[in-house]
Amino acid sequence: MSKKVLVACGAGIATSTVVMNRVENLLKDNGIDASVEQIKIAEAASKQAGADLIVSTTILPTTYSIPAIIATAYISGIGMEELDEEILANLK
Amino acid sequence: MDLVQFIKKDLIWVQTPCQDQTELFAEVSTRAASKDMITDQFLEKLTEREAIFPTGLQLENFGVALPHTDPECVTEQFIAVLTSEAGIPFKQMADANQETTANLIFVLGLNEPHSQLAVLQQLMGAIQNEEHVKALLAAKSADDIIETLSQVVLHLKGEEKL
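So the protein lines, in turn, are chains A and B. When we follow full-length UniProt numbering, the leftmost residue of the first sequence carries the number 1, and every step to the right adds one. When we follow full-length UniProt numbering, the leftmost residue of the second sequence carries the number 1, and every step to the right adds one.
What the hints contain is simulated information worked out from the structure, not anything from laboratory work. Keep in mind it's a predicted model, so treat the numbers as computed, not measured. Where a beta carbon is used, it is the ideal one built from N, C-alpha and C, also for glycine. Mixed in with the good hints, there may be bad ones.
Simulated restraints, written as ranges between beta carbons of each label pair [claimed, not checked]:
id	chain 1	residue 1	chain 2	residue 2	range
1	A	Asp33	B	Ser150	15 to 25 Å
2	A	Ala45	B	Glu112	26 to 36 Å
3	A	Asn25	B	Glu112	19 to 29 Å
4	A	Gly79	B	Ala118	19 to 29 Å
5	A	Glu37	B	Gln41	23 to 33 Å
6	B	Glu99	A	Leu60	12 to 22 Å
Here chain B is said to cover these stretches of chain A; the calculated rule only asks that three of the stretch's residues, wherever they fall, bring their Cβ under 8 Å from a Cβ of chain B [stated by the list, open to error]:
id	region
7	46-59
8	68-80
Just chain A, with the same shape it has in the complex (with noise of 0.2 Å):
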């Protein structure tokens, strides 16, 4: 069944942009069948139901019931492998 990504940021500008763009790359390298929405975090509570994974460039203001991965390594470059590795081991 196709998955359900959700990637959030506080401003729902700048970092949050080039996360989508890793992700959706990252998803498709590895041949996993998932879409990408670009959210902002306050929107993440609402959208949970029917994602599998939330991937934040901010603090998560609250706990979800999905998974949610915080991805600020992406924009400072320290731990991106294990980052991806993190949010592939989520969606398999």
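Assemble the complex: chain A is given as a structure, and chain B must be docked to it using the hints.
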């Protein structure tokens, strides 16, 4: 579009005397307002956004911050650049309970951020290579910053990351 097209000489501060976010945001806002690049709301919104969703990033040996705010507050797009040897405290993007001392600050004045993927990737590419960060921090003038960023973009394109 290239990162360098967003860098304006008037919006570069090499070794800013600013010591905290309040001073830094006021300085950038005043200059950008004098060039009619932002709305009256910019400073307030920038400050508010940074408080709720901080943008500090701790690199191995340096700190970086990427403050930005709502697209509605920006009338002409820019990326302001500031360096600070002593550093300016910012809360971290991933965890507001932790601080980083930012030596390199990019204030992003973007009003079409989703169409700026390449520019943002170039910016992240600059941050993600310590040699690039060091070169920017060593800059002695606004021209040095622009020249260094041009080199960074060429380097990134050479790596075919873009």
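To see whether the hints hold, each was checked on the structure:
| no. | hint | verdict |
| --- | --- | --- |
| 1 | A:Asp33 to B:Ser150: 15 to 25 Å | 41 Å, violated |
| 2 | A:Ala45 to B:Glu112: 26 to 36 Å | 27 Å, holds |
| 3 | A:Asn25 to B:Glu112: 19 to 29 Å | 22 Å, holds |
| 4 | A:Gly79 to B:Ala118: 19 to 29 Å | 24 Å, holds |
| 5 | A:Glu37 to B:Gln41: 23 to 33 Å | 28 Å, holds |
| 6 | B:Glu99 to A:Leu60: 12 to 22 Å | 19 Å, holds |
| 7 | 46-59 | holds (count 3) |
| 8 | 68-80 | holds (count 7) |
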